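J.: Order-wise, the sequence lines are chains L and F.
Quick note on numbering: the numbering used here labels position 464 of the first sequence as 464, and the sequence is numbered without any gaps.
Quick note on numbering: the numbering used here labels position 345 of the second sequence as 345, and the sequence is numbered without any gaps.
Please keep in mind that the hints were generated in silico from the structure rather than gathered at the bench.
Since the structure is predicted, the reported quantities are computational estimates derived from the model, not experimental observations.
Be aware that a few hints might be false.
[Claimed, not checked] Derived DSBU-like pairs: lysine-lysine, alpha-carbon spacing no greater than 30 angstroms straight-line:
id, chain 1, residue 1, chain 2, residue 2
1, L, 126, F, 486
2, L, 436, F, 12
3, L, 486, L, 502
4, F, 486, L, 120
Protein chains: 2
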Amino acid sequence: MRASQLLIATLKEVPADAEIVSHQLMLRAGMIRRLTSGLYSWLPIGLRTLRKVERIVREEMDRAGAQEVLMPSVQPAELWQESGRWDQYGDLLLRIRDRHERDYCYGPTHEEVITDLVRKELSSYKQLPSNFYQIQTKFRDETRPRFGVMRSREFIMKDAYSFDVDQAGLQRSYEAMYDAYMRIFTRLGLNFRAVEADNGDIGGSGSHEFQVLADSGEDAVIFSTSSDYAANIEKAEALPAPLGEAPERPAPQEELRLVDTPDARTIAALVEQHGLPIDKTLKTLMVHAAQGGLIALLVRGDHELNEIKAENLAEVATPLTMATEAEIRAAVGAGPGSLGPVGLDMPVIVDRSVALMSDFGAGANVDGKHYFGINWERDVALPKVADLRNVVEGDPSPDGQGTLSIARGIEVGHVFQLGQKYSQAMNATVLDDSGKAAKLWMGCYGIGITRIVAAAIEQNHDDAGIIWPNAIAPFEVVLVPMNAHKSQRVRETAERLYGELKAQGIDVLLDDRDTRPGVKFADQELIGIPHRVVIGDRGLDNGELEYKGRRDNDNTMIAADSLVDFLRERLQG
Amino acid sequence: MRASQLLIATLKEVPADAEIVSHQLMLRAGMIRRLTSGLYSWLPIGLRTLRKVERIVREEMDRAGAQEVLMPSVQPAELWQESGRWDQYGDLLLRIRDRHERDYCYGPTHEEVITDLVRKELSSYKQLPSNFYQIQTKFRDETRPRFGVMRSREFIMKDAYSFDVDQAGLQRSYEAMYDAYMRIFTRLGLNFRAVEADNGDIGGSGSHEFQVLADSGEDAVIFSTSSDYAANIEKAEALPAPLGEAPERPAPQEELRLVDTPDARTIAALVEQHGLPIDKTLKTLMVHAAQGGLIALLVRGDHELNEIKAENLAEVATPLTMATEAEIRAAVGAGPGSLGPVGLDMPVIVDRSVALMSDFGAGANVDGKHYFGINWERDVALPKVADLRNVVEGDPSPDGQGTLSIARGIEVGHVFQLGQKYSQAMNATVLDDSGKAAKLWMGCYGIGITRIVAAAIEQNHDDAGIIWPNAIAPFEVVLVPMNAHKSQRVRETAERLYGELKAQGIDVLLDDRDTRPGVKFADQELIGIPHRVVIGDRGLDNGELEYKGRRDNDNTMIAADSLVDFLRERLQG
Chain L
1 MRASQLLIAT LKEVPADAEI VSHQLMLRAG MIRRLTSGLY SWLPIGLRTL
51 RKVERIVREE MDRAGAQEVL MPSVQPAELW QESGRWDQYG DLLLRIRDRH
101 ERDYCYGPTH EEVITDLVRK ELSSYKQLPS NFYQIQTKFR DETRPRFGVM
151 RSREFIMKDA YSFDVDQAGL QRSYEAMYDA YMRIFTRLGL NFRAVEADNG
201 DIGGSGSHEF QVLADSGEDA VIFSTSSDYA ANIEKAEALP APLGEAPERP
251 APQEELRLVD TPDARTIAAL VEQHGLPIDK TLKTLMVHAA QGGLIALLVR
301 GDHELNEIKA ENLAEVATPL TMATEAEIRA AVGAGPGSLG PVGLDMPVIV
351 DRSVALMSDF GAGANVDGKH YFGINWERDV ALPKVADLRN VVEGDPSPDG
401 QGTLSIARGI EVGHVFQLGQ KYSQAMNATV LDDSGKAAKL WMGCYGIGIT
451 RIVAAAIEQN HDDAGIIWPN AIAPFEVVLV PMNAHKSQRV RETAERLYGE
501 LKAQGIDVLL DDRDTRPGVK FADQELIGIP HRVVIGDRGL DNGELEYKGR
551 RDNDNTMIAA DSLVDFLRER LQG
Chain F
1 MRASQLLIAT LKEVPADAEI VSHQLMLRAG MIRRLTSGLY SWLPIGLRTL
51 RKVERIVREE MDRAGAQEVL MPSVQPAELW QESGRWDQYG DLLLRIRDRH
101 ERDYCYGPTH EEVITDLVRK ELSSYKQLPS NFYQIQTKFR DETRPRFGVM
151 RSREFIMKDA YSFDVDQAGL QRSYEAMYDA YMRIFTRLGL NFRAVEADNG
201 DIGGSGSHEF QVLADSGEDA VIFSTSSDYA ANIEKAEALP APLGEAPERP
251 APQEELRLVD TPDARTIAAL VEQHGLPIDK TLKTLMVHAA QGGLIALLVR
301 GDHELNEIKA ENLAEVATPL TMATEAEIRA AVGAGPGSLG PVGLDMPVIV
351 DRSVALMSDF GAGANVDGKH YFGINWERDV ALPKVADLRN VVEGDPSPDG
401 QGTLSIARGI EVGHVFQLGQ KYSQAMNATV LDDSGKAAKL WMGCYGIGIT
451 RIVAAAIEQN HDDAGIIWPN AIAPFEVVLV PMNAHKSQRV RETAERLYGE
501 LKAQGIDVLL DDRDTRPGVK FADQELIGIP HRVVIGDRGL DNGELEYKGR
551 RDNDNTMIAA DSLVDFLRER LQG
């Protein structure tokens with residue numbers, strides 16, 4: 001493409017309302033423009049990258065045996081009512097009423113539509129496994145859209161849905177998608193982790209998120225310093241001790257004593273006012289129990305309750321509901337700042353770390369009083385033990401190798417075993433090999449196409465602008481003729497090289513604009529073209545061109561004759 | 001692709017609610033499925049064709065220098081209020097309200113959004129001409145969606161918008177798009193006509209429709225039997241006489257006479273009861289005049305008023321509004337069945353054919369009475385003459401070559417000179433070469449991507465199913481191994497040929513399903529794959545394969561060695 005025929009709408013200034021670097025750079029590089037809150041137009045340069053992302057995703061989905069379909073973006077309310085999500089989904093669902101007063105939504109996802117299609121079109125286990133995907137515009141009416149296309153309202157997703165006759169089949173379909181996702185994000189040139197995620201009541205390793213690592217990421221990615229283990233914060237298991245080592249509780253050293261703590265209603269106050277080490281304190285959290293009434297969940301003072309882990313316990317009501325102060329007072333006779341296990345008359349579950357504590361302090365279930373020097377079994381029976389907390393930096397890795405570290409990530413993909421949730425609600429069956437109707441086992445697999453573009457920038461940029469991986473750069477190479485208006489040799493060489501590179505299938509931009517070289521270089525670096533070749537008379541005197549990779553500090557002179565081979569090598573790298 | 005891994009959802013029966021053949025065949029071939037009224041899912045086989053249409057359109061738009069963008073499908077009401085279309089567009093516009101009670105629509109078209117983008121991004125004539133296009137899902141809330149994807153509510157359009165600094169530039173941009181459209185529809189393998197269409201007050205040859213010729217088409221396509229001239233019915237000029245021949249009015253033969261016609265309130269009754277030839281009768285139609293009051297428009301009894309031509313006259317109010325009976329009685333003193341030019345006290349415009357009539361009959365502007373034997377100038381002055389009627393079969397062609405014929409067409413594309421309509425309403429300017437702000441000249445160019453698929457089927461089918469043009473067939477070739485479970489040679493040959501054809505870039509389906517050959521052949525013909533190659537032991541004994549083109553009656557034996565060349569030749573044809 002010729003730059004003179006391309007809308008290059010670069011901006012010098014950082015737009016005021018863009019908070020994160022990818023949003024700033026996408027605006028500054030002329031990739032996108034805001035239409036209104038959460039709605040963006042993709043300009044030619046941005047769309048080129050978006051299409052390259054789409055193509056890689058499509059190729060790998062096809063390779064994995066998934067079939068592309070295209071479902072309507074507008075979906076009738078009836079199907080969402082059948083699955084129960086019309087009421088559950090809340091305001092994120094953009095609801096629409098047509099001229100005949102019928103209700104629809106702008107689909108944020110397509111489980112209902114594909115399940116409806118599959119229950120009508122597939123009738124036998126012989127037609128399984130089947131996996132259908134689409135690359136399509138979706139809408140989520142975010143309360144506060146922000147960060148450009150990272151959290152926009154209208155966005156492009158690849159969503160796929162697999163169908164199997166049994167759980168073993170679902171597991172195979174899931175693994176095929178997991179492998180396809182690994183190939184996709186590798187081909188995109190991103191630094192990413194596949195992290196285990198929670199999948200509620202399905203259990204097993206039934207959900208993974210694909211996280212692009214970037215400091216600005218909203219998610220915490222937990223990973224082992226010594227192995228491939230990775231999980232999100234909801235899922236990462238907190239071990240009581242390194243795998244293989246027996247967790248050990250120190251023997252009691254102190255006496256149990258009741259202490260007046262009139263001003264210590266928080267952990268911080270307790271530590272500050274009474275000199276208790278924070279890892280000798282307890283948080284006693286009361287939530288609604290599954291059987292009615294309350295249940296107490298205990299984590300160490302320096303730990304955080306993991307709400308997903310708590311919710312997954314049979315004893316705890318779903319969704320997790322914290323008790324109000326009134327409910328606590330009614331049950332215990334004390335406020336939330338003075339709770340503890342000693343003398344507590346209600347079901348209790350303690351975190352694994354809590355079970356290993358000795359000589360610790362906790363509320364006495366009387367306002368303004370704590371027990372110090374508590375020891376399990378001696379002062380109070382050890383209740384049920386479970387994994388209740390978020391892991392922290394330095395925890396032992398659940399796979400027994402090394403310790404855990406925490407990084408920031410941007411979720412760009414998610415694979416999930418839905419099980420029979422939708423086939424149950426919508427009665428989607430096929431005949432199995434014994435001729436009986438079997439509810440389908442379903443998986444769903446999403447990739448945020450538009451979000452990938454932003455995530456790639458968060459991970460790959462410098463002060464001058466974007467630094468694209470080759471695979472998704474809007475152009476792989478830019479050719480810059482110097483003083484083209486004066487030098488016929490430069491003009492002709494540029495045109496010849498432009499033709500040669502195009503003929504070799506290299507995606508090349510010829511910067512033929514009537515602008516100063518400094519302006520061109522700045523634009524090209526802002527836009528992030530990975531390879532730059534300058535054609536000037538000085539170099540041509542020696543048959544040479546000036547090459548600079550986007551991450552290079554200096555130019556390299558290369559023989560004009562070898563340009564194609566030179567670039568080909570760099571583009572494969 | 002292997003058929004065993006493809007959703008082949010063919011139907012034997014014609015779906016009851018599908019009225020036209022393309023809708024029936026798209027359902028029967030498993031290309032689409034209805035989600036609800038006017039909303040369709042594209043199944044894998046249908047989507048393959050859709051994507052091939054998209055690719056051809058994209059390639060030719062790029063070749064023509066247009067730049068691809070992607071604007072949001074959801075558009076804020078403010079822009080439509082600025083252009084005035086929020087109120088004008090009516091119920092076809094699907095209106096949406098978000099969680100913050102702000103108004104939007106699901107875009108049926110993007111003139112406002114692109115004009116807003118361009119007024120912000122382009123500042124100088126040096127950035128022009130510019131042409132931006134997108135291929136995108138749109139929505140029109142049709143009162144009565146029908147004919148499958150031919151008139152669905154959600155559909156895919158290619159819409160392009162050109163911007164120029166002056167009208168001459170617009171004319172050039174328009175011609176470039178016209179040429180691109182000619183290439184697109186030619187490459188798609190369709191039998192089509194580019195027909196002149198009306199473009200209201202812009203004038204000139206500023207609008208063309210691209211019509212796929214098919215008997216089921218909703219539009220009338222007017223074309224010359226001897227030249228390239230083609231126009232739609234609104235636009236086609238009705239000449240008074242063949243070009244170059246002087247139109248001549250026969251001399252009067254009859255006396256003017258007032259006749260009692262108590263029961264003749266229609267042309268048909270007049271002809272039947274009084275023996276008047278229909279081409280000696282007049283229709284006198286009264287409409288609102290631009291200056292207020294009424295104006296009479298006269299066409300011959302056997303002709304139809306062309307409302308667009310009438311509306312384009314300066315004397316006639318816009319939009320064209322027929323007078324009510326009450327208005328007519330108040331102005332004339334007689335009812336609509338007794339009107340005529342003799343003694344009529346109001347402005348009158350007559351069609352060119354009417355100006356050539358003599359000895360004709362018309363109402364006397366008195367209920368129950370007509371004048372017969374009327375002659376212009378002798379009995380009443382000849383009023384202003386204009387082209388007011390639809391052409392009819394056999395009319396002389398406006399280009400002077402041959403006569404006009406009428407065919408049926410399906411509109412699949414439209415190019416249109418908008419002029420300054422939107423740049424005026426939305427104040428979109430650039431600086432011209434004298435440094436002054438100049439309103440942009442705009443053109444818009446649409447192609448109905450989803451509709452093309454249906455139109456191609458309307459034009460190309462037989463009793464067995466669809467007959468795809470090579471360029472947009474879901475597969476170019478199908479390989480059918482016979483008795484593959486018994487013959488290792490057949491299996492191996494099929495696999496080898498499948499690999500060879502794929503390696504040659506031929507889009508081939510290997511029908512490896514465990515089904516009877518008759519079922520496979522019926523599916524393949526229904527789906528419309530243009531080339532079929534059967535691999536059987538009998539043929540292989542002679543090193544031969546059995547070939548059948550979709551339109552062929554008989555098989556042809558071809559040497560297995562020459563298959564690639566043989567197909568290559570047929571695929572180019």
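J.: Take the hints in turn and mark each one as holding or not.
T.: Hint check results:
no., hint, result
1, 126(L) x 486(F), "holds, 21 angstroms"
2, 436(L) x 12(F), "holds, 25 angstroms"
3, 486(L) x 502(L), "holds, 25 angstroms"
4, 486(F) x 120(L), "violated, 34 angstroms"
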